[in-house]
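Guided by the hints, dock chains B and C onto chain A, whose structure is given.
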Amino acid sequence: MIFIQKEITLKSRSKGIYLITSEIISEIPEIINIRVGIANIFLKHTSASLSINENASPEVRVDMDNFLDKLVPNEKYFLHNYEGEDDMPAHIKTSLIGNSLTIPITDGRLNLGTWQGIYLCEHRIHSHRRKVVITLIGTE
Amino acid sequence: MIFIQKEITLKSRSKGIYLITSEIISEIPEIINIRVGIANIFLKHTSASLSINENASPEVRVDMDNFLDKLVPNEKYFLHNYEGEDDMPAHIKTSLIGNSLTIPITDGRLNLGTWQGIYLCEHRIHSHRRKVVITLIGTE
Amino acid sequence: MIFIQKEITLKSRSKGIYLITSEIISEIPEIINIRVGIANIFLKHTSASLSINENASPEVRVDMDNFLDKLVPNEKYFLHNYEGEDDMPAHIKTSLIGNSLTIPITDGRLNLGTWQGIYLCEHRIHSHRRKVVITLIGTE
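Chains as they are written, first to last, in this note's numbering: chain A, 1 to 140; chain B, 1 to 140; chain C, 1 to 140.
Please note that the accuracy of each hint is not assured.
Because identical chains share one entry, a pair is satisfied inside a single copy or across any pair of copies.
Unchecked claim - In silico lysine-lysine, BS3-like type, Cα no more than 27 Å apart, as pairs:
1) K70 x K15
2) K6 x K44
3) K6 x K131
4) K131 x K15
It should be emphasised that the hints constitute simulated quantities derived from the structure, not laboratory data.
Keep in mind the model is a prediction, meaning the values are calculated, not measured.
Extracted from the complex, chain A is given alone in its bound form:
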């Protein structure tokens, strides 16, 4: 049985959707020893989210960010707006997308599909440094 856990800090980013697969993988070289298992990737925040989606076309990420802005505008009836127009929309987008991924590990690698990549969705306008806890559970 192998249990590996580490908390990392991602590069600072302003609003947008970013492909962070290689940034995550570079932090977990120990995965090479796991033949079968799972990786949990957990974002410790409430105004950014994690998702798995298309890893090739940057246009998918632009379209998705624009769509989320249209889907979750800053409604007039929002009570919680201390931190500006992006405050409450960021919280709602986070609950819609989610902040945790569980991915199978197979033969020492994240077993993602050919076109799958890990997205960090930063929902705040200004740059934030986001913390992620990665937990690997598996067997040799």
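Below, chains B and C alone, put in the same frame as chain A:
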């Protein structure tokens, strides 16, 4: 290796979004023995959901509930409405938010961010008692 | 400790929402040996998703598919549309619904609620054969 699992019943609640972090934690004192692992929290229902979001301002929960009502109205074209106007919207909100959380365990505690709490999102108008299965997997 | 992992290919399906609980369970007879654990079900694609929802009324699945079409139309401003009108909406629906489920295992069975079933949400118009990685982690 430690495997702990228990099924609990949450307090009865009517429509709204509720912070249940302490209600969950109080049910799993055994977590103190787990140095590294994960906790899976699974809601056994199709018209309520679980999420992780802001734990301080109650206004976030009010805004989120109101927004979900606007996002998922009771559409005229819905075929499934046996149980009233909140029936099909509750099912859809559940698939958008999700009914399962996987959270890292570190040094005997759920490793949540400073501002993160566990939300029960009750999507039905009338009170329901919801069952949750908590599974802890870890190592000393 | 038991680790079981297998990659399966689901039946080919065109756009719609399908109950695949029995198709999944038939692939993992080994679950009978797990007293306590979790099952991770991971879809290796970016234009289809997995969810848990109502297992009885087929109308829930029709309503949900129709609602998702209304929620995520093919916006004029989308840049990514190489593969047709269902291309970018399929990616967005996938991030909203998610592509991975983690379900508790109890006494040799998936511990789903009475009304819960596993949904494959196929967001592309034409038929696709979707691959799923199932990982079971548990103890006897």
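Here is what the structure says about each hint:
Proximity of K70 to K15 under the C-alpha cut-off of 27 Å is found in both arrangements, the shortest distances being 14 Å within a copy and 25 Å between copies. Taking the closest pair of Cα atoms, K6 and K44 come within 27 Å of each other both inside a single copy (13 Å) and across two copies (25 Å). Taking the closest pair of Cα atoms, K6 and K131 come within 27 Å of each other only inside a single copy of the chain (10 Å); across copies the shortest separation is 30 Å, beyond that limit. Proximity of K131 and K15 under a CA criterion of 27 Å is satisfied intra-copy only: 16 Å inside one chain copy versus 32 Å between copies.
The structure shown violates none of the earlier numbered hints.
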